[in-house]
Amino acid sequence: MAHIPDGILSAPVLIAGAVVTAGGVALALRSMDERAIPRAAILAAVFFAGSLVSVPMGPASVHLLFTGVMGVLLGTGAFAAVLTALMLQVLLFGVGGLTTLGINTLNIALPAVVAGAIFGPLIRSTARPSRASGYAACAAVLAVAGTAGLVALSLWLSDPAYTPAARVMALTYLPLALAEAAVSASVVGFIKRVQPDALAPRAQAAHPVVTP
Amino acid sequence: MIRALVLLCALLVASPAFAHKLKVFATLTDRTVSGYAFFIGGGRAQGAQWQALSGETVLAFGTTDDAGGFSFAAQRPQAPLVVTVDTREGHIAQAILPPERWAQTALAQDAQGAAPTSTVPQTPATPAPALAQSLERIVSTAVQRETAPLLARIEEMDARMRLTDIISALCLIAGLAGVALWALQRRR
Numbered sequence: 001m002a003h004i005p006d007g008i009l010s011a012p013v014l015i016a017g018a019v020v021t022a023g024g025v026a027l028a029l030r031s032m033d034e035r036a037i038p039r040a041a042i043l044a045a046v047f048f049a050g051s052l053v054s055v056p057m058g059p060a061s062v063h064l065l066f067t068g069v070m071g072v073l074l075g076t077g078a079f080a081a082v083l084t085a086l087m088l089q090v091l092l093f094g095v096g097g098l099t100t101l102g103i104n105t106l107n108i109a110l111p112a113v114v115a116g117a118i119f120g121p122l123i124r125s126t127a128r129p130s131r132a133s134g135y136a137a138c139a140a141v142l143a144v145a146g147t148a149g150l151v152a153l154s155l156w157l158s159d160p161a162y163t164p165a166a167r168v169m170a171l172t173y174l175p176l177a178l179a180e181a182a183v184s185a186s187v188v189g190f191i192k193r194v195q196p197d198a199l200a201p202r203a204q205a206a207h208p209v210v211t212p
Numbered sequence: 213m214i215r216a217l218v219l220l221c222a223l224l225v226a227s228p229a230f231a232h233k234l235k236v237f238a239t240l241t242d243r244t245v246s247g248y249a250f251f252i253g254g255g256r257a258q259g260a261q262w263q264a265l266s267g268e269t270v271l272a273f274g275t276t277d278d279a280g281g282f283s284f285a286a287q288r289p290q291a292p293l294v295v296t297v298d299t300r301e302g303h304i305a306q307a308i309l310p311p312e313r314w315a316q317t318a319l320a321q322d323a324q325g326a327a328p329t330s331t332v333p334q335t336p337a338t339p340a341p342a343l344a345q346s347l348e349r350i351v352s353t354a355v356q357r358e359t360a361p362l363l364a365r366i367e368e369m370d371a372r373m374r375l376t377d378i379i380s381a382l383c384l385i386a387g388l389a390g391v392a393l394w395a396l397q398r399r400r
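Chain order of the listed sequences is A and B. Okay, so the first sequence: first residue is 1 according to the numbering used here, each after it adds one. Okay, so the second sequence: first residue is 213 according to the numbering used here, each after it adds one.
These are computed hints drawn from the structure, not numbers from a lab. A portion of the hints provided could be inaccurate.
Stated by the list, open to error - Some chain B residues flagged as far from chain A (calculated, every beta-carbon gap over 12 Å):
{"#": "1", "residue": "S246"}
{"#": "2", "residue": "A272"}
{"#": "3", "residue": "R288"}
{"#": "4", "residue": "P289"}
{"#": "5", "residue": "W314"}
{"#": "6", "residue": "Q345"}
{"#": "7", "residue": "V351"}
{"#": "8", "residue": "P361"}
{"#": "9", "residue": "R365"}
What the hints assert, rightly or not - Derived list of chain A stretches under chain B, where covered just means 3 residues or more per stretch with a C-beta under 8 Å from a C-beta of chain B:
{"#": "10", "region": "3 to 10"}
{"#": "11", "region": "27 to 35"}
{"#": "12", "region": "168 to 174"}
We put the CB at the ideal spot given by N, CA and C, even for glycine.
Chain B with its partners taken away, still in its complex shape (with noise of 0.2 Å):
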């Protein structure tokens, strides 16, 4: 008996798990979708099968790596693009993007095109909102890059559980045992 709560102890204290959640985490950088399947606070979901799907139509399908990612190219879909990913033992969990964020992409792809190459000061024949258009491409793309972590964050800290959540529901439970109790005695 000791040795089974030793067990079951070590168990509890040697995985940082907590929950069993399947979450998916989808962004979208240069055109190319990639992002990652997780378990809340429970580590990646390696070699679980994915598919992107706009519509009816499949885009891109495979297993996740051993970080449980997945990239594929995409262009812009007709419908907001999902990503499934399926463990095949009954966790499955999606992403969307929407159409949307194809178009703030092709804008800093053709931003970067468009950027100046040289340090030399444009002619002042150079129109000053096509200016202030290509600048605002360029930031829009680094802010793109720069936050992709920061989203995969916060989607998985949104997505964690708290101790006093815990607490309470199993008050809660106690409670609705005594609510049973006090039920069960006025019905005598």
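Chain A extracted, bound-state conformation (with noise of 0.2 Å):
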């Protein structure tokens, strides 16, 4: 899935991806504050334990990403904590690969941003849980979406033989999506309705609440 191992992309796309990714990060570190640090680190330990739980399914196997909640919590800080995660899966397990590390992260990481750029701001600014819930929902589609799309992208531009098949693609990534929906909605619903404020990236950033 997202953890492409070494020896499978070209040199170009490994270049490319970890050069997005160290512009990425940098971003990301100078974005973060004591608020987001911890925030972070928790959702990269999320990240990191829920993707050593996966589900037999046909050819592949899938597990959970958490990038929709991560896009939504963390906006651009999600390339540290997914990069920090990717690591020591690499180091500690042998999962992805250290030279894929940088296009790994780009693959996961970036469509987070994306859906919580564009999705953070209608959560944010609902007064409704329900309806926070349904914007997070389809953060995590997207999310997901990305990182399939980019995913086979990677794999595509390195060698057209390792293309994904779409109908494989989507026999696994369809499942994921409605899973990441499912409990991307059920934790941001959840915030929405203990702590609003929670669901901003940093403080000053909190939009203000619209009454519908």
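Assemble the dimeric complex from its two separately framed chains, guided by the hints.
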């Protein structure tokens, strides 16, 4: 899935992935403050632990990514959280690869950041938890679809022989997107009810609540 | 919320899966390469495409069976034989068999042909080194056949994750956050 191992991707794809990820991580580190660092650490731990539990599904196996929630709660900080978790997975378990660390981080974190940028303001501006849950579900589906697309693109650019099959991608990523949507909706809906301010990546970035 | 948590817990408990890495196990017995593709602790890769390459030459290809298995006959290749399994959704793994493995198998097979089929003791004219060589080949065949399942088991155990590693990683993340907060405070 999103953990592409060493020896598969071409050098230009690896270099481009590493460069963009380095930029994303630099942006993340620059924007992180005392409030963001523990949040990023918690979500990195959730991503790390969640990625270790997979469910066999046909020729593949899938696991939760939590990227929709990460995008909403961390913004660009998702790059730092994903990089940390992926690096530990490579070093401790050999899942993924060291040379593919950059592109794997990009494939997972970029869709999360984009989904958070699109649906984050909508989630924060609505006063209704149910609507926030709906937006969070959409963010999760967008993040998973983005990761699927970027993984397919990485493989296709490196070697067309490795281009993922649309049928298998649908078989694996569709259930994952639905599971991610359910989890993200529950998490965001809960936070919206108990502490809506926690949904903003930065304290000062919180949007005013608009009563519908 | 409670229902979602229960669902999540049920998923975690119901799945014996741990981790998410595809691995390929391949072994050679009687000039037949066989093996299977598996996710570490998470079952076999069923219906996945596999291909056997020696250098640039495609020796065999197909899709894995319900147990994630594959099998094909192969003569000794010039270059190492690489079996690649591709689930076609981003998981790709390889197993490599060096040509030296065929030499051992060939010796073993020759031994089977040369093995005495009668319990009648050999004539004193049989040279002792030849008998010793035959015996060695027979033993080699038997050992190869008996150790194949063990090698498969070792492959799976070697790749298994340990709870202590997972806890260490979570503590490392907490430690990194602490270091980042300390660095932030010092900068100010």
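Checked hints:
no. : hint       : verdict
1   : S246       : 19 Å, holds
2   : A272       : 16 Å, holds
3   : R288       : 25 Å, holds
4   : P289       : 19 Å, holds
5   : W314       : 24 Å, holds
6   : Q345       : 40 Å, holds
7   : V351       : 35 Å, holds
8   : P361       : 22 Å, holds
9   : R365       : 18 Å, holds
10  : 3 to 10    : holds (count 5)
11  : 27 to 35   : holds (count 3)
12  : 168 to 174 : holds (count 5)
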